[in-house]
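Asks: Modelling step: build the complete structure from the supplied sequences, incorporating the hints.
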Amino acid sequence: MGIITIATSKGGAGKTTIARLILGRLALQGLPVAAVDADFNHTLTDWVRAASKHPITVEHELDETRIVPLVESLHEAHDIVVIDTAGAATQATIFAIGCADLVLVPCQASSADIVEAIKTMNLIKSASLMMKRTVAARVVLTGYQPNTNISTHVEGEIAKANLPLMRARLNRLVAFQEMSFTGIVPTTGLAGVQCANFIDEIASLGGIPHASKLAS
Amino acid sequence: MGKKDLASVTTDLSALASMMPTQRPALAVAPTPRHVPAPRPAPIKAREEPAIQFSLSMRKELRKQLARLASEADMTMRAFVLNALKEKGLSVREDDLIDLRKERR
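Protein sequence lines, in the order shown, are assigned to chains A and B. Residues 520 to 735, numbered by my numbering, are exactly what the first sequence covers, in order. Residues 363 to 467, numbered by my numbering, are exactly what the second sequence covers, in order.
Simulated from the structure, these hints should not be mistaken for laboratory data. Glycine residues also receive a C-beta, built at the ideal position from the N, C-alpha and C atoms. Misleading hints may appear alongside valid ones.
What the hints assert, rightly or not - Label pairs and their calculated CB-CB ranges: (1) G725(A) - R386(B): 30 to 36 Å; (2) K450(B) - A678(A): 26 to 32 Å; (3) F700(A) - Q415(B): 50 to 56 Å.
Claimed, not checked - When the alpha-carbon atoms are kept at most 27 Å apart in a straight line, the in silico DSS-like pairs for lysine-lysine are as follows: (4) K422(B) - K644(A); (5) K651(A) - K366(B); (6) K448(B) - K422(B); (7) K448(B) - K426(B); (8) K450(B) - K422(B); (9) K450(B) - K426(B).
Replies: Laid out in structure tokens, this is it:
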């Protein structure tokens, strides 16, 4: 275990934010982590190289024929490999899903986010069928606004579509937005708590090998 | 850590991937993905709140002006007032106005 793909065909749903949280938090806790940035906007690569204060290896790769060997090679030297995909269903997305032990599908509170989350989960199911193994996948609610009519509605729609949902929520918090400038993954306050709960749940889903090694 | 064998991934998923667009610059315009319609989520329902009565008094001349301006805007006076208050920051929703507009003749 240890390959986590973040995918949804909707742009701006929070894929790169999730990638930053996982990579930054685990690097901070001493795990060797690497990222494959398969997004043509290379936002994650820029963040790691320009802003991040954490030891993270990152490779920007758009060529779908090179995604699988690159992930294989990075996984030899790192406990965790996170693959950040483009905000569209591309060939690279399919192979990134195929490599994954766990796929996270971020979803914000909008109709388009739910539609694309459903499409992405269907794509994961198709990939699972073709590979004859089940790829674990979960929807993650990002930009979450608790106690609002819209959040309740989105949760209801996700339940209606039978999409498996993570318990951890990532609220619309300034600390997550600041992270894109400061390069520092939040460890305190509500953002720190939400980030810790998120990582714990990924570990409980088997997405993080040697989870017991994590410093608290 | 240790080498993970992902050799079968490419083989198993090539057929599925071929239906998707590529990001490789030289091929980026080649395949067009098939449009598969996804189920539409239900539209969000506005919270149903009871309507309450609210009356205000004004000079007769102002009342006449209000009636004239609303008529010129093809709106009821009520919709016209709500619309004006919306511009002042009151959270008037579209459905507060939509059923109050005068039908066009």
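Asks: What hint numbers does the structure not satisfy?
Replies: 2 and 4
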